[in-house]
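J.: These are the residues of each chain, in order.
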Amino acid sequence: MPRSNEADRHLLLRAALRAYPPADREGYGDELLEAAIELSADSSAGREALGLVRGGVEARVARLRLGLRSIALRAALSRLALPLTAFVVAIWAVAGVGRIVGTTHGPNHSGLTLGAVVLLTLVVAVASSVASQRRLPATIGAGALALWIVASLIWQSARGNVVTAAPVLHLNIGSWWFGPSFMWALIPLVLLLVPACWCMPPAAPRVPDLRRPWVEYPPLRLVTVVLPAAVLGVILLRAPQVLVEPVTRETTEIPGIAFLMVLVGVLWVATSPAFDDRLGAACALVGLAAVPSVAYGAARLLMTGLTDLIAARDLYVVAGVVCAGAFIVFAIWFFVVVLAHIGLRAVDRRGGSPLAVGHAVVVGPDDPAQI
Amino acid sequence: MAALTESTYFVLAALAREPMHGYGIAKLAGELSEGRVKLTAGTLYGVLARLVERGQIVEDRVEVVAGRARRYYRLTATGRELLTDETERLRATAKTVRERLDAQVERG
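In the order they appear, the protein sequences are chains A and B. In this text, residue positions in the first sequence follow my numbering: the first is 1, and each later residue adds one. In this text, residue positions in the second sequence follow my numbering: the first is 1001, and each later residue adds one.
One or more hints might be untrue.
Said to hold, decoys possible - Calculated pairs, EDC-like style, for lysine to aspartate or glutamate (alpha carbon to alpha carbon, straight line, at most 16 Å):
hint: 1; chain 1: B; residue 1: K1027; chain 2: B; residue 2: E1006
hint: 2; chain 1: B; residue 1: K1027; chain 2: A; residue 2: D42
hint: 3; chain 1: B; residue 1: K1027; chain 2: A; residue 2: E38
hint: 4; chain 1: B; residue 1: K1027; chain 2: A; residue 2: E34
hint: 5; chain 1: B; residue 1: K1038; chain 2: A; residue 2: D42
hint: 6; chain 1: B; residue 1: K1038; chain 2: B; residue 2: E1006
hint: 7; chain 1: B; residue 1: K1038; chain 2: A; residue 2: E38
By construction, these hints were calculated from the structure, which means they are not laboratory data.
Chain A on its own, in the form it takes in the complex (with noise of 0.2 Å):
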């Protein structure tokens, strides 16, 4: 063979193996040059050439599955979960206090908008799901990512009776936040819970030293007696609040306020250093909080839902309520049974007593022409 056209053999395979990472050309690329060349002239360089292309796509595919698989993906759902809860939470109470003094209150105000967040929580909660193979959560939030965006589309648009499809990315901050729409955002938040619960390490056995957040911490005590007897009062008083009327400006908003306190609630459990394991009493708690407000959602929502049914008789109202009826389904199931039973659990065996709050504060007065 001319001197030529072995040298040109050894530049094209030169070149081709530069397809393989760096850590293995280093650490056996001569030797794969070298069969490659002995190989080459018992039948063409082109198809070596190829072979080592080939060849290096693969090995870089596989090192980068490996790369993937060697992340601590519990460890950074776990790390993760805290303040994206804290953020979704945060942006609860600035509508709180928009709801509160009056700043936010009517439907053209434009403000924040939720939707980006909400998708990606749903995003992430879905993925960590899959990462950390828990099929069912992944099941569920990516049945709720479908039924959100599509009772978006078509629910809300029945509800204004025009058939164009409503704004899924862009919920304004405003007073119907407390409203049946507003509950649907607490779905992704939950399928986010869910999963950080299971991924917390296993527990250990219950010890008789263990630290008791119930018992050692008085706010949290406070918090979680204050709150449900606030509800009460408001319910047994008949306040506006509580009733399917719309809001008036001489309201007092006991609920928000109510509301409020939850919110400051998780956030200290969230964030205070002195909980032995803060990411489960928050989701605990949150995830207690939302069962009531939800079961009111999903009651306004299949009462509104069949008016309109039966008013409008229209085949986009007949698919809404469809598909909000199998999202109440969903969220009332996945709150009480899932949320609440692992929430719960995972924070009594590590030491902590049951958060239980009340939380019919959450729903605060909803007009529906708002919606």
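Fit chain B to the given chain A structure using the hints.
T.: Same frame as chain A, but now just chain B:
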């Protein structure tokens, strides 16, 4: 366990008798398969890497020939067992098919 690919099978088969280096494995695999398996260096080293990772072959030694390092590989007990099982599976499959073919001929 899933059936081995033809390339993997003949790489293992090439190592059945003695440790060999990459080029030798590729050549012998081609001969054993009567030319059906034509391994490029890229394919060969991918197969070798997977077999090493699964503990079915190991590096035996490194020899320097004309200034070039040559790494030799040999079968482990696991690799030999895998090759034996696969060979038996192929033999059984071939026997079944042979019987069906013969039966067809007799009926015909």
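J.: If a hint holds in the structure, say so; if it does not, say that too.
T.: Hint check:
Annotation: proposed proximity of B/K1027 to B/E1006 holds, straight-line Cα distance about 15 Å (limit 16 Å). Of the pairs offered as hints, the one joining B/K1027 and A/D42 holds, with about 10 Å between alpha carbons and a cut-off of 16 Å not exceeded. For a cut-off of 16 Å, the pair hint linking B/K1027 to A/E38 stands: about 10 Å separates their Cα positions. About 14 Å separates the Cα atoms of B/K1027 and A/E34, which keeps this hinted pair within 16 Å; it holds.
Between the alpha carbons of B/K1038 and A/D42 the distance comes to roughly 10 Å, so the proposed pair stays at or under 16 Å and holds. Using a Cα cut-off of 16 Å, the hinted pair B/K1038 and B/E1006 holds, with the two alpha carbons roughly 11 Å apart. Pair hint B/K1038 plus A/E38 holds up; C-alpha atoms about 13 Å apart against a cutoff of 16 Å.
Hint compliance for this structure: no hint is broken.
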